[in-house]
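Note that the protein sequences, when read in sequence, are chains A and B. In this text, residue positions in the first sequence follow this note's numbering: the first is 1, and each later residue adds one. In this text, residue positions in the second sequence follow this note's numbering: the first is 1, and each later residue adds one.
If you're looking for bench data, these hints aren't it; they were derived computationally from the structure. Heads up, none of these hints are tricks.
Looking from chain A toward chain B, a few residues come up when the C-beta cut is under 10 angstroms (computed): (1) 175; (2) 198; (3) 246; (4) 277; (5) 353; (6) 416; (7) 466.
C-beta atoms are modelled at their ideal positions from N, C-alpha and C, and glycine is treated no differently.
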Amino acid sequence: MVPADPDGGGLMRVDLLTEPVAGLDEALAAVDAFDRTLVAGLLRPQPAQAAALTGLADAVAGTPLAERVAEAADKAAAGAASEDDLVALAAARTAVFGAVHDALTARADEATGRVRPDEQPFPASESASPNLLAAARSWLADLARAGWQGLDHDVVAGAAQVVSAMLPEPALRRLAVLLDGFAAELAASCPGAALERVPVRRWADLWSRAMLLTRPGALTAAPAEPVSGRLLPLGVDLHEHATAVQAQVHAVFEPADGSTPRLVRASVSAPKPDTVVGMGVWQLLRPHMALLAAVSEGRSMDLDGMPLTAEGDLLWDDAQARQGDPADPFATARVALPKAAASTAAPLDRHPARIAVPVFLDGYGVQRDDAATVFALPGHNLPVDIDRIPTAGPLTPEAVAASTACIGLLRWDAGRFAVQPLAVEATVKKKALVLHAGAWAGGTADTAGVKAEKAATDAVAVLRERAGKLLRR
Amino acid sequence: MLPSDSADPDSRWEEASAARVVPPARPRKLAKVPFVELADGRLQGVVSSGSDISRVYVSSVAVRTFAFACSTNNNRPCGGARGSFCKHIEALIAEAVLQYGGDRVGRYLRVDLADAAPTAGSISSTMRATRPAQGDTSAAAPVFSRFLRHLAYLELAATTAPLPEMQWFPPTRTAVA
Ligand SMILES: [Zn+2]
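Isolated chain A, as found in the complex:
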């Protein structure tokens, strides 16, 4: 176990993260069986698929969804599911994962000693562009009928037009980016009949999430209130697929009125050509959020009237932030993080993939081989997800292996908790180093970083020059 922080910080109960969670296996079994029905597709369901559909309906039997899902499962088992039936099945799967999310989040809160407020109401409003949403739903229904093994280029190509039409619409960006990343994976996996293995849970996740986002009101933005105070960054979490990138800064927000500090995120994202990678993605994001430069410089920021959602997301606007004093993220992690309150996820966002709890770890040993890295704590091992460390940054798996303290995100996937390193304190060649995964987000003077900056600048310049010539003719 991690020793208690002398300043009164929390005691991380790593042992709780490896103990069984009641009901988890049963819930996942129902979902896994449903997910396998999507491998063969729902055009001509076999008896095993029919049983899995009934199993999913049974899993939500005690909920308001029960009747609608039972009907949808019957229709799907007969090979006659309508688009609305498929949406109902996606909703049932999402509800089961919602319960899984809640149980895992409660466990993570227990392990980190964190307080989380009760669920808050999330209003839904009407969505714009019903035609585009309907087109997306129709494509997703085609996918479900074909199944992953029935994928071919014709089925997958149906997404391209919908995505192109959605991307410029800010209100549809979430769904557009999801469909775009999903369709690219499917295209790279064609023909489905030749697939040696299928990412069964992942594609069912992406499919059901997209299906639900096509429903009226699902894309409603969370309500936000203006806040003022000091923002102390902890680290940067990067997400990317071939044609989109997002950086999320995790931070502790200290309200100016002296009320309880909060764990918050600030996000910036952009669509991108697939050849813009590595340093290039920081360059795309940098101009839109001054916070990235503050992270690279090790500074806090002072917020004045910045909107903050009930989910803990700052809706960043540079006009409402100014540069603050130097702030060491490790000091923030040791002192401010244990006292910060978390937020509650919006109903649709309750999924284990969404769990990313900032944690501070020290007093561990590191075990590393070709297959895995783990932080070894007395009696308990915490797997380390080193694959999530972005390549365009100074943090490396080697540095993690040499580390003595770590700021990370506690995540859960494929049946277990793991920590994703955001920053480490390490001793390399008898020198004490502090390395942040997002250190190059705002720019860098590091030799390797400068070279990567130049190459990325040149690549984007070529594309912009071409776009200038060809797109506006």
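Based on the hints, put chain B with the ligand in the right spot on chain A.
Same frame as chain A, but now just chain B with the ligand:
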């Protein structure tokens, strides 16, 4: 020894929401070949003309048959692509290997390669040795429009509204097998 929490890495992968499916493109210089992709049953892309900045060639090689085509964006046939690969197609193969790795390119095209780490040279010469036929240039228009779509991503606005769906798309340091 590390604790083995799962005997079978494949089953863990199948149960992972964040399973990595497509390896990220590797950085490369874009001046000569601004666009290359493995799609629609072809290795296809756009190659800059050496002499005229406003002209580009649309080049492609088909999976399995290696039928090749090269023409300008105004659909004028490339003089070099008669009988065998022109220099644009060779450049396309070279840049595809930089972007995706020789393994993936060779596997996608179904090139029967003896070497463990295929290079652009070995992929190209193996394909040429089968004496592939010259294909028609009907793909040029759709490939060019995919290139324009690709460029259009640069014109889309960034946003600071969170995209929760991106949680499913973590970066990866390792090439996906
Ligand atoms: Zn040519």
